[in-house]
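Given the coordinates of chain C, work out where chains Z, L and D with the ligands should sit on it, guided by the hints.
There are 4 protein chains.
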Amino acid sequence: SPIPVLETGFVRAVDYMGGDSGIVQGARVSYGKGTRSTSDDRGLIRYLMRHRHTSPFELAVLKLHVRAPIFVTRQWFRHRTASINEYSARYSVLEKEFYFPRPEDIAAQSTNNKQGRADALPPEQAQQVLDILRDDASRCYDHYLDLLNEDENGEKRDPDRPAIARELARMNLPVNIMTQFYWQINLWNLLHFLRLRADSHAQYEIRAYADAILQIVQKWAPLTYEAFTDYMRDAVLLSGPAL
Amino acid sequence: SPIPVLETGFVRAVDYMGGDSGIVQGARVSYGKGTRSTSDDRGLIRYLMRHRHTSPFELAVLKLHVRAPIFVTRQWFRHRTASINEYSARYSVLEKEFYFPRPEDIAAQSTNNKQGRADALPPEQAQQVLDILRDDASRCYDHYLDLLNEDENGEKRDPDRPAIARELARMNLPVNIMTQFYWQINLWNLLHFLRLRADSHAQYEIRAYADAILQIVQKWAPLTYEAFTDYMRDAVLLSGPAL
Amino acid sequence: SPIPVLETGFVRAVDYMGGDSGIVQGARVSYGKGTRSTSDDRGLIRYLMRHRHTSPFELAVLKLHVRAPIFVTRQWFRHRTASINEYSARYSVLEKEFYFPRPEDIAAQSTNNKQGRADALPPEQAQQVLDILRDDASRCYDHYLDLLNEDENGEKRDPDRPAIARELARMNLPVNIMTQFYWQINLWNLLHFLRLRADSHAQYEIRAYADAILQIVQKWAPLTYEAFTDYMRDAVLLSGPAL
Amino acid sequence: SPIPVLETGFVRAVDYMGGDSGIVQGARVSYGKGTRSTSDDRGLIRYLMRHRHTSPFELAVLKLHVRAPIFVTRQWFRHRTASINEYSARYSVLEKEFYFPRPEDIAAQSTNNKQGRADALPPEQAQQVLDILRDDASRCYDHYLDLLNEDENGEKRDPDRPAIARELARMNLPVNIMTQFYWQINLWNLLHFLRLRADSHAQYEIRAYADAILQIVQKWAPLTYEAFTDYMRDAVLLSGPAL
Ligand SMILES: Cc1cc2nc3c(=O)[nH]c(=O)nc-3n(C[C@H](O)[C@H](O)[C@H](O)COP(=O)(O)OP(=O)(O)OC[C@H]3O[C@@H](n4cnc5c(N)ncnc54)[C@H](O)[C@@H]3O)c2cc1C
Ligand SMILES: Cc1cc2nc3c(=O)[nH]c(=O)nc-3n(C[C@H](O)[C@H](O)[C@H](O)COP(=O)(O)OP(=O)(O)OC[C@H]3O[C@@H](n4cnc5c(N)ncnc54)[C@H](O)[C@@H]3O)c2cc1C
Ligand SMILES: Cc1cc2nc3c(=O)[nH]c(=O)nc-3n(C[C@H](O)[C@H](O)[C@H](O)COP(=O)(O)OP(=O)(O)OC[C@H]3O[C@@H](n4cnc5c(N)ncnc54)[C@H](O)[C@@H]3O)c2cc1C
Ligand SMILES: Cc1cc2nc3c(=O)[nH]c(=O)nc-3n(C[C@H](O)[C@H](O)[C@H](O)COP(=O)(O)OP(=O)(O)OC[C@H]3O[C@@H](n4cnc5c(N)ncnc54)[C@H](O)[C@@H]3O)c2cc1C
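Residue numbers (our numbering), protein chains in the order written: chain C, 48 to 290; chain Z, 48 to 290; chain L, 48 to 290; chain D, 48 to 290.
Looking at chain C on its own, in the form it has when it is part of the complex:
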């Protein structure tokens, strides 16, 4: 069942292959008789993670169904080591579903972090921002339908007017409109994605998705999740000069 994210979005685990025990099984093939001594699954998984023996983690695979705003997918799809099938706005009409931040998430530009946010706005200023966002989204979407010559039920509006091609009409839609996609990725690349996107440098909105996926990973592959937390997520890199 889908985990709700950002109110109108979700992440849903559709299918998976392998998990902690498949990782161990794959690693043991590499080590052959050499693993006789290795104590237990947890120890082996932590060893693999600590030494960045990443290939066994690649044997596990997850398939998700995701609904997210376009500006989030623009960050998401920069991760090239995954397989994607996205809803096509050339084939089909996009629904009137947008992402609007909660008032408490509307924040000022950070001055020290060029790509980040500072404090949240006072409520009534946040409300003004929201009004603008909602207004523009609504008007753009209405014009989108207008160009398509369709009403919200997909019925033709004016029988004498042509419908603009969907691939053209969608040009009018802002990047906070929702899209959806299937996403297949192996566990190693997923952890790499999560390290970058569940991180404080990532934009809040994609972080919300990364956090939901972390819950899925924790259930699916708890030993790997724990090793990831210790050796990737919470780990700190000390440079040569700093040492």
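Heads up, some of the hints might be wrong.
Copies of the same chain look alike in the list, so a pair counts if it fits in one copy or across any two.
Quick list of in silico lysine-lysine cross-link-like pairs, DSS-like style, CA-CA up to 27 Å [said to hold, decoys possible]:
(1) K203 x K161
(2) K143 x K161
(3) K266 x K203
(4) K143 x K266
(5) K143 x K203
(6) K266 x K161
These are computed hints drawn from the structure, not numbers from a lab. Every value quoted in this text rests on a predicted model; they were computed, and no experiment measured them.
Structure of chains Z, L and D with the ligands alone, referenced to chain C:
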């Protein structure tokens, strides 16, 4: 020097490595003494292309600087076998540059091709479409600056109002706003991209970019370009049952 | 259960994710409401294959356990779009298992196909070849154990002599020694592998593995297998000039 | 000019694209006007490396020509993010060139490091090892030529005997025979390769190649080389629990 595409866009060849002769040199390493008999460069390149010996084409690399609308980059970046550096709307403010189709490119939805266009609209209907697109883009952009509390010269508008975080404000922008990026790809994957995106099934707007890139390839690697045309672009696949 | 290949080798399906129905499900997400009209699963899969809509096939994933000679894995691992865990000859001692061709597979160098075989040798000449191969393999392996100071049961031979490092001793082994590995690949890249390696241009030995994998695909995803056969395996590419 | 490695091997820089300044140029496109403040090239490159902003490093590309023993290429080609053209032992006859360790590199199996070496052997024991390796390599190679019915000059030996197919005859050759290949890789993936293969856990023989490539990188992209040394090579990862 940049090749203009879609009026406000462009494709510019920044750098490259190798080309026809580097491909031949790489292929000859594979064949070792076995290539003694192979006639000439053109013959060898056509042979490689015909038999899909793709690895020598991977030795040549191209780096482009591109300016394109977001909805085009969304199709473009689905090609995962490339390296990308895109303008960040978290770090910087997007400029007021949009793509608007020429009137003659504004076409109706095709009824037999679910992802394509049919005939162009009559001029005055096209003009109405353009008015909507321009209007909405303009209003959305103005609100974007408003949220950023900036004027078009980057000066603060109201000293007493906070600037919303750029990463949030950009949410209001439609997908026909222009972005730019550096793109590095090897020649084999570039040809694969061109086959898919210079094809009649591709949306007109990305096809315009693919056509510009084809010009670059033709100058850069003329023998490969010719072989591509004959054995990939103009080639036809006959299925087993059809034979 | 493992499918025997080349007598001492095998291919074993360990796990999989998805299949024909998962492909259809993924494709329908892309098309959204646009697929309402699409008839049935078989029709959709054939359509996807014919038009090289490859991304839905990437949603299905297969994991194999394989045992094969090193010279076959050298060809195999050139396919980069897969995840591999191989037996490590640094950690563990390789077993005394080699590939020797059957007498009827020992053939002369083809004179027109520089990378292929011509007719099989007369039986007694084939036998002489086999004697050489077996002899050298046996001597090299015995010296390998000798360097490791081990007998065939892994017991130390001479208590007073050091064991050479495994990573060094294995240098003495010929490329027809058997190794084993886990292999995880998505269905699209698997089909690409099969087209190249179940093809008559591929070396007989890797073709034998590809044929075994084809059996697995046929059972696992019969509609995709059929579409692959018609539109990839048995299809013929006609060049532009030839048309 | 080629850098000699392991006596009969080498690494030769054939071509490259970009370098430190191209990386900076690419990064500045991402940051847009946001980089106005960033001081200098060195500072920016160190910043990118420290924060693992890896995409700008992918814009630089290197092409090498390498000669190495097969057992080294088996480790090398596991790095999938590169393009390779290797000498084909199906098309051509392999030359009689092998790798033999120097006596001082012949070491005992480490007992605490399952995949590593301990102390070097006493000279006369090392000599015995070398005698075995040389002997077996020589015999196997002679039989290889014998199966090919060729002498060392490529002339037919016995006009009445068929030549075994090259792809079969090579089966008799040990993994310390030399092969050669062209290798094209972007700088980020090259650094990843170097971190793993210039590391003390890597086998000495591939480390020798990695060290030669490091020299090339240092000349080609000195600022990146320095940042790599500080933030990747000499850096230490402290786990969450350890902190
Ligand atoms: C006309 C048209 C219509 C389209 N419609 C849709 C649609 O409705 N919905 C949709 O989602 N997409 C759609 N696409 C996008 C399409 O599905 C591909 O994602 C896109 O064309 C990139 O193609 P590619 O995967 O072959 O290229 P690349 O990503 O460059 O990949 C090339 C090859 O590299 C290998 N490869 C690359 N990355 C990986 C990886 N991570 N793992 C394994 N192998 C990899 C594969 O062998 C792949 O075939 C459409 C494309 C076209 C041209
Ligand atoms: C906080 C933050 C800020 C960012 N800011 C910007 C920005 O301003 N501008 C911008 O353009 N991007 C930006 N990005 C995106 C970033 O540059 C990466 O593109 C993205 O994070 C994907 O990371 P990746 O390349 O490691 O992942 P993947 O694409 O999943 O790649 C993982 C690894 O696979 C290998 N690989 C994958 N594909 C290829 C290929 N085609 N060829 C060779 N090797 C390959 C590489 O080794 C790579 O390291 C930002 C990302 C983050 C997290
Ligand atoms: C000391 C040492 C010991 C080793 N021991 C063993 C062993 O016992 N057994 C064994 O089998 N191997 C072993 N290896 C090899 C190791 O498992 C890796 O295969 C090899 O080091 C390549 O590393 P990589 O995968 O990070 O590099 P690359 O293949 O270059 O990949 C870099 C990144 O690109 C992305 N990527 C590349 N290709 C794909 C793909 N097809 N799909 C998805 N993502 C992709 C991933 O994000 C990956 O992390 C060993 C390596 C070292 C250094
Ligand atoms: C009959 C035959 C003869 C051959 N002879 C030779 C020979 O003489 N010498 C030789 O060296 N090889 C030879 N090969 C190997 C061949 O060159 C390929 O390396 C091998 O077949 C793998 O094919 P591939 O690259 O299409 O597959 P994959 O590696 O699985 O790649 C599939 C696709 O994924 C994408 N991709 C994967 N990795 C990357 C990456 N790192 N960067 C960018 N894109 C990537 C590309 O689009 C590629 O087309 C031969 C192969 C065959 C079948």
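Tell me, which hint numbers fail for this structure? 3, 4, 6
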